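Since chain A is already given, all that's left is putting chain B on it; use the hints.
From first to last, the protein sequence lines are chains A and B. 12 is the number of the first residue of the first sequence in the working numbering; add one for each residue after it. 27 is the number of the first residue of the second sequence in the working numbering; add one for each residue after it.
Since the hints were made in silico from the structure, they are not lab data. Any given hint might turn out to be false.
[Said to hold, decoys possible] Computed Cβ-Cβ distance ranges for the label pairs, DEER-style:
#: 1; chain 1: A; residue 1: 324; chain 2: B; residue 2: 93; range: 52 to 58 Å
#: 2; chain 1: A; residue 1: 260; chain 2: B; residue 2: 72; range: 46 to 52 Å
#: 3; chain 1: B; residue 1: 79; chain 2: A; residue 2: 214; range: 57 to 63 Å
#: 4; chain 1: B; residue 1: 92; chain 2: A; residue 2: 78; range: 27 to 33 Å
#: 5; chain 1: A; residue 1: 214; chain 2: B; residue 2: 329; range: 56 to 62 Å
#: 6; chain 1: A; residue 1: 209; chain 2: B; residue 2: 116; range: 35 to 41 Å
For clarity, every value in this text was computed on a predicted model and none was experimentally measured. For each residue, glycine too, the CB sits at the ideal point set by N, CA and C.
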Amino acid sequence: MNNRGGTATNALEPPGEIRPRRRRVGKVTTAIATAAVISGTSLGTSGVASASTVHLTWWTMWSGATLQLLNQMTAQFNKTHPGIVVTETNIPSDATTSTAKLLSAIAAGDPPDIFTEWWPEIGSFAADGDLISMNQFLTGAYAGFEKWEYPVAVQGGSYKGNLYAVPMGLNSWALYYNKGYLAKYGITSPPKTLAQLDADQAKMWVIQNGKVVQLGFYPDLNGNGFQFYTTFFNATNCFNSAGKYDFENCAGAKAEMNWIASFDKYPYTQVMALQTALGFVAGGQTDVWVNGKAGFVLSGPWEGTQNVPTSNPSLVGDFGVEAFPGTVPIPSTLGQGNFNIIPKGSAHPQQAFEFISWLAGYQNEAFMGKIDPLGGWVPGGPSVTKQPAYQAWLKTNPWLSGFLPEMTSPYTQAPALTPTQAELFTAENTATNDVLQKIMTPAQALKYIDQQANASS
Amino acid sequence: MAVATTSLSPTHRARSSQHLSRSVERRRTRAGLLFVSPWVIGFLAFFAYPFFATIYYSFTNFNGVGAAHLAGFTNYVNLFHDPLFRTSLFNTFYYTAIELPLSTVAALGLALLLNMNVRGRAIYRTIFYIPSIVPLVASCMIFVWIFNPEFGIVNDLLTDAHLPGPGWFFSIAWSKPSFILLGLWGLGQPMVIYLAGLQGVPREMYEVGALDGAGPWQRLRFITIPMISPVILFNVILQLVNCIAYFTQAQVIEGADIGGPGTSTWFYVQYLYEQAFDFLKFGYSSAMAFFLFVISAVIMVVLFKSSSKWVYYASEQP
Chain A
12 MNNRGGTATN
22 ALEPPGEIRP
32 RRRRVGKVTT
42 AIATAAVISG
52 TSLGTSGVAS
62 ASTVHLTWWT
72 MWSGATLQLL
82 NQMTAQFNKT
92 HPGIVVTETN
102 IPSDATTSTA
112 KLLSAIAAGD
122 PPDIFTEWWP
132 EIGSFAADGD
142 LISMNQFLTG
152 AYAGFEKWEY
162 PVAVQGGSYK
172 GNLYAVPMGL
182 NSWALYYNKG
192 YLAKYGITSP
202 PKTLAQLDAD
212 QAKMWVIQNG
222 KVVQLGFYPD
232 LNGNGFQFYT
242 TFFNATNCFN
252 SAGKYDFENC
262 AGAKAEMNWI
272 ASFDKYPYTQ
282 VMALQTALGF
292 VAGGQTDVWV
302 NGKAGFVLSG
312 PWEGTQNVPT
322 SNPSLVGDFG
332 VEAFPGTVPI
342 PSTLGQGNFN
352 IIPKGSAHPQ
362 QAFEFISWLA
372 GYQNEAFMGK
382 IDPLGGWVPG
392 GPSVTKQPAY
402 QAWLKTNPWL
412 SGFLPEMTSP
422 YTQAPALTPT
432 QAELFTAENT
442 ATNDVLQKIM
452 TPAQALKYID
462 QQANASS
Chain B
27 MAVATTSLSP
37 THRARSSQHL
47 SRSVERRRTR
57 AGLLFVSPWV
67 IGFLAFFAYP
77 FFATIYYSFT
87 NFNGVGAAHL
97 AGFTNYVNLF
107 HDPLFRTSLF
117 NTFYYTAIEL
127 PLSTVAALGL
137 ALLLNMNVRG
147 RAIYRTIFYI
157 PSIVPLVASC
167 MIFVWIFNPE
177 FGIVNDLLTD
187 AHLPGPGWFF
197 SIAWSKPSFI
207 LLGLWGLGQP
217 MVIYLAGLQG
227 VPREMYEVGA
237 LDGAGPWQRL
247 RFITIPMISP
257 VILFNVILQL
267 VNCIAYFTQA
277 QVIEGADIGG
287 PGTSTWFYVQ
297 YLYEQAFDFL
307 KFGYSSAMAF
317 FLFVISAVIM
327 VVLFKSSSKW
337 VYYASEQP
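Only chain A is shown next, with the shape it has when bound in the complex (with noise of 0.2 Å):
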């Protein structure tokens, strides 16, 4: 099953550059071993096991119940790979802080092994060489791999045609609806178009005094920018002829940013503040959703899964999730999540890949099948969905099954790596702030995210 050993790990560490230094090397064993004697301490039989035990280190910027499950996998892992043994450390920062982190470490030569990276700064990596590429390792039992994965995943994790990152969790995102408001105001079925969505939303607004009481829809509801709503108007991926991005001129785009616009007639400020007082920004796990505020909102699994449950148990059993609507067809969704990637300077990518995979669930698909549930994940292959565990979670929750046939539509897609895609990442929210603020048209925010996003291409 697994594709370690010695050949692999002698292949990466060529036998001339260990030979030179083996007399030093006797020398220093031989005094430590005379002085360990003398000071009658041994190295023990746990000792002479650690020289062909190869250590990983993982480092991760989850804390919390997220970590808990992290550590679970790394237990599982160890124990079922005698030879590898992974350490996994907790950057508790921002993801901005833990890049800095990342490139401070790779930079002193003592990157880790593997590295969990929400995907904007992937490709930038990927361009300045500051990754290895995994095309290396999909050989023997790994040469179907990319195959396994969803299609969107391999796409989310690729760079001019080289693997560089492998996601253990998908997000798939849909409308998520409060069916107490759909009776109250007398809606009969969730909204299957934009147009039914817009209307449907229209009657749910409640403005007293000024202050936002309770809304429909908002796009910028979490944070969700520009980008998460790119695949419901084919807009994820708008480049010219020369590779640049170009969103001024794609049709989809257009769609989508006038769309965004329509929402200018309601008053921002409040919506924002509304936000940040039931929780968002302050990083909590409450959102105006989740707290009976909003009819609609788009999210993740992890909404219905951790955040109702945890933040307001009342709307378990009275809420339902569908694709959520546009002008492609539906269902499709954005693909991304939480990739792992392999630093330059990784002592042991072999072996870092292959942990990598078993985390994606290859080859291990009982056992994440049981792990993505906990954490509300959509797996990185479909055949995890299969297993038992995970089938035993989808009959439970019936509402999550809406997420899983979008991973597999032709109209999801995963943004393209490119170098400057954080700069894309931050214009797109940028823009959607400011159209929605009537800071910007839609054609100027257009031009402003392909302006921004192009500026060191």
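Positioned in the frame of chain A, the structure of chain B alone reads:
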């Protein structure tokens, strides 16, 4: 040994004494250098090297890892074609231009009040100092709540007074003033320094002033302020540095909407940080850092030059 010494000529004795004193001097120099070496090493490693490295990288397209390739003045030219660079510079100067005089006057005014001989003075001093020891991030979160346009206590009070409550941090017009108000929350530190300065003003000067018929305003204008002017200069420099390097509060409060609403709260160092650690443009951010250094240096030179006109040092008087 003694015989040999007595047999030396005066010239030899002088040379020997000279040699001895040089040897002592060398030993003392070595000891002195050894004592200051921790500071010198720290200075070279953590200030001089990063400083010159920043200047070097500002002329490259360095991405944080690997080799840096020389790019000439490209980064500096790009700075002036970057609208967000200009915006962040403007926002930072706007904040500095209002926050600096406002906090100086407020802290000094508070110190003057707390220097008066009133009952419970120590309690008042403690109350006004406490906010400055609250962790910065906690202060920010509290402020977001207090100034929340929907549920905040400030807007509730304004509504009770039949006044419209602004959008504070969520409004383009009010976002920068909101940060300025947040800056006033941490006045405790300069206030304590002013208080220490006020305690050092000789009581006799006020007595002489009173005998000459000086009223409270004249005593403040002609005795207090000149006497504590070195303290004012010190506090102004500290506040100025804090304003120019404004970062943490904006980063915490803006959350996912960095620089927002709109671009109204993009501060210079925030933008520099984003260029470096989000976009991995270390060359460009180094150019921004060096540009900020030049601006800061110019302001400091002007401030110190002007200080000879308004700062009074008693020790320098004949």
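Against the structure, the hints come out as follows:
For residue 324 of chain A and residue 93 of chain B, the hinted distance range of 52 to 58 Å is satisfied, since their beta carbons lie about 56 Å from each other. Under the hint 46 to 52 Å, the C-beta atoms of residue 260 of chain A and residue 72 of chain B, about 49 Å apart, fit the expected range. Distance hint for residue 79 of chain B and residue 214 of chain A: a CB-CB separation of about 60 Å, consistent with the stated range 57 to 63 Å. Range check, residue 92 of chain B to residue 78 of chain A: Cβ separation about 32 Å, and the 27 to 33 Å hint holds.
Against the hinted window of 56 to 62 Å, the Cβ-Cβ separation of residue 214 of chain A and residue 329 of chain B comes to about 60 Å, which satisfies the hint. In this structure, residue 209 of chain A and residue 116 of chain B meet the distance hint of 35 to 41 Å, their C-beta atoms being roughly 38 Å apart.
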